[in-house]
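Colleague: Single-letter residue listing:
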Amino acid sequence: MSAILSIRDLVVCYGSIKALQGISVEIPKGQIITLVGANGAGKTTTLRTISGILKPTAGSIEFKGENIGGLPAHKIVARGIAHSPEGRMIFSNLTVLENLRMGAYLRRDKAGIAEDIRRMCGIFPRLAERESQAAGTLSGGEQQMLAIARALMSRPECLLLDEPSLGIAPILVQAIFEKIVEINRELGLTILLVEQNANLALEVSHYGYVMETGRIILSDTSSALRENPSVRAAYLGG
Amino acid sequence: MIEFLQQLINGLSQGAIYALIALGYTMVFGVLRFINFAHGDIYMLGAFAGFYTAPKLLSLTGGGPSYGGAALVLVAAMALCAAAGVIIERLCYRPLRAQPRLTVLIAAIGVSLFLENGGQFFFGADPQAFPEIIADSAIELPASWGEFASLTLTIGQLIVIGSTIVLLAALRTIVKYTRTGMAMRALSLNPLAASLMGVNTDAVISFTFAIGSALAGAAGILTSIQQPSIDPLMGINAGLKAFVAAVLGGIGNIPGAALGGVIIGVLEALVVGYINPTYRDPLVFAVLILVLLFKPSGLLGKAEREKV
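Taken in order, these protein sequences are the chains called H and A. Sequential numbering of the first sequence, starting at 34, is according to our numbering. Sequential numbering of the second sequence, starting at 2, is according to our numbering.
Among the hints, erroneous ones may be present.
[Stated by the list, open to error] Cross-link-like lysine-lysine pairs, in silico, BS3-like; alpha carbons within 30 Å at most: (1) H:K212 - H:K97; (2) H:K143 - H:K97; (3) H:K143 - A:K177; (4) A:K177 - H:K108; (5) H:K97 - H:K108; (6) H:K88 - H:K51.
Hints were generated in silico from the structure; no laboratory data involved. In this text the structure is predicted, and so the values were computed from the model without any measurement.
Looking at chain H on its own, in the form it has when it is part of the complex (with noise of 0.2 Å):
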C-alpha cells in the first residue's frame, strides 16, 4: 500500500505562532483519512498547506513521489489535488451549473466536462433540480452537496474535505456522509477528511490522526481509535 500523499515534518506558521509543529501524515491510495481534534488543533492549516493556501514554513509535501510544498493553489489543483474548503465558499451568485463549471476550470475537454455535470447530478439529484438558480439560494446543506461535486469537477486523485457537516442540519448530514463513503467507493477518490464530528469521521474513514495544538498526539486504525479509551472520553463523549 502505497501513499499518494506524505506530509513529513510539516511547519506552518502565522507571524510568530506556529500553527503546525512538525506533522507527518501518510495518505494510502484510494483510502479516507481522517484528521480529528479540537478547534484549533491546526486540522484546517494541514488542508489549507497541502492546497496551497498557505506556505510551509519547513517540512515537505509529496504527492505522487513530487514535493509540491510551497506552490501556489492553482497550480496544486492542475496535479490532482481538489480542495472542499471549509465553510463552503460556493459562488453564490453564480448559478449552481456556473459553479460546477468553475470546478472544471481548468479542463478543456467539453464533452467530458458536460459528462461529469450529468454525474454530479446524479450523485446529487438536489442539485440537478437547482442547476439553474443562484448557489446563494440554496439550503446550507445543498451548498455543501455543490461545493464537494465542485471539488469533483476537476477529476481529482485526492479530494481534501474540510468540516462537510459544519452547520448543516443533522438528517443532511447523514446523507452527505452516504455520500463521501459512495464517492471513496464507487470513484476510488482517496480522501483527507477534515471534521468536528469524530464520531462520524472515525466511523467512514479507515485511518485515523489526532490532533492537539499543532502536533499529532496518536494515529490508529479508525475502528482501534474508536475504541481507544482516552480518544472516547476526549472526542466521541465518553
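Chain H is fixed; fit chain A onto it per the hints.
Modeller: Quick look at chain A alone, frame taken from chain H:
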C-alpha cells in the same frame, strides 16, 4: 418637449463617456475591493495616445479624417491604455496586495498625481487641439419629422453612443460567456475559492486592469471627438464623476456602472439646460452624498448577506 429631447441626446453622449470610465472603477473594485483613483488619468492617457498616434494612423488610411482611421486611433489608444493599466497594477498595486487596503488606496492617489504631473511634463500643461479624426457635423434630419427635425444630432454624438453600445456588448459577452470572464466573476465573489478551482488570480487581475483601462482609453478618444481640447488634468473631473456613476449604480456591479454613467450624464445636461450650468458639478456630488446616505449599495448593487 423638443428642448427636453435635445438635453437627453446631449446627456446620453456625455453619459456614455462616464459609463465607459465607470466600468473600470467597478471592475477593479470587483476583483480587488479597492478604488483605483488613477483610473481617471488613464482616460487622459487615452486622449493623448490618440493625439500622438492619429497623424500616423490617419496617413495610413488616406490622410484626412475617416471612419477607418478613427477606428484605428480608437484601437491604438485602447491597446496603449490596456498596457498602461497592466503595468501600473504590476508595479504599484501588486507588491502591496498583502498590505491593508488603505495603503493601496494611497498608492493609487500617488499614481494619479504621478500621471497628472508626468503628463504636464511630457505633454505640456497647455490644452492641445485634438486632431480631427472624423468629419463631425450636424445630421440633417428629414423635414417630415415635423418639429423633431429641429433637434441637433451630430455624427460625433452618434459615434460616441454607437461605439459605447458596441463596447458594452463586447464586455458583457466577455464577462458572461468566456472562461476568463467567469473566472473574473468567481474571483470577485471569493478569491480564495477561485484559486482553489485553479484560477491564476494574478493573471485574472491583470486582465481586469487591461479591460477596464482599454475602456477608459476608448472614452478618452470618444470625448475628444466631441470636445477636441485635451490637457493632462482632464482626467480629474471626468474620473471623479465616473466614480460617482459607479457608486450610484452599485460599485462592483457592471450593468450598474453603465446605468450610473448614463444617469449622471443626463442629469448634468438637464441641470445645464434648465437650471444653471454652475450647478453641474455640485449636482453630481450631491447625488453621491444622497446615494451614500440612502442607498449605499447603489441602484443595482445588492447588500451582501451570508448564509449559514
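Colleague: K177 (chain A) and K108 (chain H): Cα distance at most 30 Å?
Modeller: Given that 30 Å is the threshold and the Cα spacing comes to 25 Å, the pair holds.
Colleague: Hinted pair, alpha-carbon criterion (30 Å max): K212 (chain H), K97 (chain H). Please report holds or violated.
Modeller: Since the Cα atoms of K212 (chain H) and K97 (chain H) sit roughly 26 Å apart, the hinted pair holds (cutoff 30 Å).
Colleague: Given the hint that K143 (chain H) pairs with K177 (chain A), test it: the Cα-Cα distance must not exceed 30 Å.
Modeller: OK: K143 (chain H) and K177 (chain A) at ~17 Å, within 30 Å.
Colleague: Within a Cα-Cα threshold of 30 Å, do K88 (chain H) and K51 (chain H) meet the stated pairing?
Modeller: holds (12 Å)
Colleague: Could you grab the alpha-carbon distance between K143 (chain H) and K97 (chain H) and see if it respects the 30 Å cut-off?
Modeller: It holds: about 27 Å lies between the C-alpha atoms, which stays within 30 Å.
Colleague: Check whether the Cα positions of K97 (chain H) and K108 (chain H) lie no farther apart than 30 Å.
Modeller: holds (15 Å)
Of the numbered hints stated above, none is contradicted by the structure.
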